[in-house]
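Turn these sequences into a full structure, and let the hints guide you.
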Amino acid sequence: MSNQSVQTVSTSNDKIKVALAVVVAIAGVIGFYYLSDKPALVRAGALVAGLAFAVLILWTSSTGRDFLNFAKEAVRETKKVVWPTRREATQITGIVFAFVLVMAVFLWGTDKTLEFLLYDVILGIRK
1 MSNQSVQTVS TSNDKIKVAL AVVVAIAGVI GFYYLSDKPA LVRAGALVAG
51 LAFAVLILWT SSTGRDFLNF AKEAVRETKK VVWPTRREAT QITGIVFAFV
101 LVMAVFLWGT DKTLEFLLYD VILGIRK
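Numbering (the UniProt record's numbering), first residue to last: 1 to 127.
Careful, some of the hints might be misleading.
[Stated by the list, open to error] DEER-style ranges, computed between Cβ atoms:
#1 100 <-> 120: 27 to 37 Å
#2 105 <-> 74: 39 to 49 Å
#3 60 <-> 33: 21 to 31 Å
#4 45 <-> 83: 32 to 42 Å
#5 34 <-> 67: 19 to 29 Å
#6 34 <-> 111: 49 to 59 Å
#7 16 <-> 91: 35 to 45 Å
#8 74 <-> 13: 25 to 35 Å
#9 23 <-> 83: 36 to 46 Å
#10 105 <-> 73: 41 to 51 Å
#11 63 <-> 38: 26 to 36 Å
Honestly, the hints are just simulated from the structure, not real lab data. Glycine included, each C-beta is placed from N, C-alpha and C at the ideal position.
Here it is as structure tokens:
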């Protein structure tokens, strides 16, 4: 990879395309809720059509292409993550619960010790 910083200049056409894509995506969401009395397939179609059209508009702008390429890279990197097995996740969860229990007992004991020292020994106030 290169360490050089590359700066892209977006034209006003690109800004208009991005704004139009946002408006179209919002229109798809509004259409989904506006068609609440229609069948679910029609509502989902309006939502998917709005989002798909917004992606197509974004793809025609350099800013949109950069964002979509970034999203693809993010998905690719997520697939590289090594997730723990069920057994490992269970063990880690058990360790966390045990640590929380030990800390709770420690803090309770510290609180009771300080309470005894302050109220009974130093101040001489009995409850």
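Ascending list of hint numbers which this structure does not respect | Result: hint 7 breaks, nothing else.
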